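Peer 1: Now for the letters of each chain:
Protein chains: 4
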Amino acid sequence: MNPIGKTHWVIPGGHIPLCSIGREPNFTSRDVVAILNAGDTDAQVVMTVYYADRDPVEGYSVEIRARRVRKVTVNALIDPVAIPLDVDYALEITSDVPVVVQFLRQDTSLGMNAMTGTIAYGE
Amino acid sequence: MNPIGKTHWVIPGGHIPLCSIGREPNFTSRDVVAILNAGDTDAQVVMTVYYADRDPVEGYSVEIRARRVRKVTVNALIDPVAIPLDVDYALEITSDVPVVVQFLRQDTSLGMNAMTGTIAYGE
Amino acid sequence: MNPIGKTHWVIPGGHIPLCSIGREPNFTSRDVVAILNAGDTDAQVVMTVYYADRDPVEGYSVEIRARRVRKVTVNALIDPVAIPLDVDYALEITSDVPVVVQFLRQDTSLGMNAMTGTIAYGE
Amino acid sequence: MNPIGKTHWVIPGGHIPLCSIGREPNFTSRDVVAILNAGDTDAQVVMTVYYADRDPVEGYSVEIRARRVRKVTVNALIDPVAIPLDVDYALEITSDVPVVVQFLRQDTSLGMNAMTGTIAYGE
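Chains as they are written, first to last, in the working numbering: chain A, 1 to 123; chain B, 1 to 123; chain C, 1 to 123; chain D, 1 to 123.
The shape of chain A in the complex, shown without the other chains:
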């Protein structure tokens, strides 16, 4: 039986706020992608970052081990290149085995804690 999930996911509304307040690391403004691999095989995940006015950057690689969840902080993606702050971006996430992806944003840039999130769009 296939594990739950899909292999192709998209988050269109990425944007890492410029400023933060509060103690690091819990209250840093950040975009986070939570990926569950409920199956028995390690997942090789590759992400592409799309921008509004420049070519997309491919090749952000993440492994999610079998029967593990992994939270990927977008702020921390630096290979092949860091994702700039305060710029709109979208994430496309491709996995070789089914996974489930949830997007979460914490924004403390206006001196208060605001959160939003949604299950990503999957196919």
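By construction, these hints were calculated from the structure, which means they are not laboratory data.
These figures come from a predicted structure and were not determined experimentally.
Certain hints may be false.
[Unchecked claim] Straight line, CA to CA, 25 Å or less: simulated PhoX-like cross-link-like pairs of lysine-lysine:
| # | chain 1 | residue 1 | chain 2 | residue 2 |
| --- | --- | --- | --- | --- |
| 1 | D | LYS6 | C | LYS6 |
| 2 | C | LYS71 | A | LYS6 |
| 3 | A | LYS6 | D | LYS6 |
| 4 | B | LYS6 | A | LYS6 |
[Unchecked claim] Some chain D residues flagged as far from chain A (calculated, every beta-carbon gap over 10 Å):
| # | residue |
| --- | --- |
| 5 | THR48 |
| 6 | GLY59 |
| 7 | ILE78 |
| 8 | ASP96 |
| 9 | VAL97 |
| 10 | ARG105 |
Beta carbons are placed, not taken as given, at the ideal position from N, Cα and C, and that holds for glycine.
Please arrange chains B, C and D on chain A, whose structure you already have, making use of the hints.
Peer 2: Leaving out everything else, chains B, C and D in the frame of chain A:
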């Protein structure tokens, strides 16, 4: 292979808050639609705005270039006609190629930053 | 061609906060259901409210006119019976024609504005 | 006719904040899973909790009676073992009859009320 996404999307719960605090433009109260075109063809997108007590307004046109994401601030849609503040509306988004749509709201009208968002409903 | 949407929707996580701050009516704590009827036929919508420890209450009727969006404030549903504050409930929404449903909550009960929302679950 | 819903759900982005402010229990920081069983048969629900760096824990059992909604506070899941605070986790929810699952988080840890939520991913 088709790019990821669908060609018909809806956001029922639109409402641009009347007031804002904070520095422009980052902290303006606003409804935003993030649209990813992951494919190799420019997307011609047309939006219809529905209201509670008047006829819908068709013909808001946006192009999302191939392999680009675009954030459309609903507050800034003025052609054919501006969308009024503090009025309930819904957005219907039709694209000639598959795209993915996420809705995001930032509300700073009560002197604090509140956010919500969701992947739109797609078919 | 069928209008976009589905005829059967569910919001499991209803809960109207007990307290509010701020000016009425914009800053009242509330649960809201936004329903878009993008079609050319008026939609007859019937809602059932489920509770944790008592029988569900059926028969909340709402009409959404053709090509209109309607925001239903759950706090204001009083026929056949008002929905109590500070009690968990779920909404089941059935329409005779396809509609799209988004859930939105505004909570000002802790002296600040918090929002959440999601496209409802549809079949 | 089958009741609305699915039997297999996932929430990847779990995380119970460490701190809270405000009056108990309404303003405790918490992750909540709202489960609607709209059918005529009691639902036997079993949850598995996945972590980033340890084996998943199976066997969290919850019954949702027929035609009832139940909010499960993840903070309160202690059998077979309590879920630690401030640790990333994912929830997999399996039911013997169709249900609908919504995830909700309330975070009061930064001295203010922030909320997020989404319909879970279902199959």
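Peer 1: With reference to the structure, classify each hint as holding or not holding.
Peer 2: We went through each hint and held it up to the structure:
The straight-line distance between the Cα atoms of LYS6(D) and LYS6(C) is roughly 16 Å, inside the 25 Å bound, and the hint therefore holds. With a C-alpha separation of about 33 Å, the suggested pairing of LYS71(C) with LYS6(A) is violated against the 25 Å cut-off. Pair hint LYS6(A) plus LYS6(D) holds up; C-alpha atoms about 16 Å apart against a cutoff of 25 Å. With a C-alpha separation of about 16 Å, the suggested pairing of LYS6(B) with LYS6(A) holds against the 25 Å cut-off.
With a cut of 10 Å on Cβ distances, THR48(D) falls inside the contact zone with chain A, its closest approach being about 8 Å. With a least CB separation of 15 Å from chain A, GLY59(D) remains clear of the 10 Å interface cut-off, as annotated. At roughly 20 Å from the closest C-beta of chain A, the C-beta of ILE78(D) stays outside 10 Å, upholding its exclusion from the interface. ASP96(D), annotated as away from the interface, keeps every beta carbon of chain A farther than 10 Å; the closest lies near 16 Å.
Its beta-carbon lying about 17 Å from the closest one in chain A, VAL97(D) satisfies the requirement of being farther than 10 Å from that chain. The beta carbon of ARG105(D) sits about 7 Å from the closest Cβ of chain A, which is not more than 10 Å, so the claim that it is off the interface is violated.
Violated hints, in rising order: 2, 5, 10; the structure is consistent with all others.
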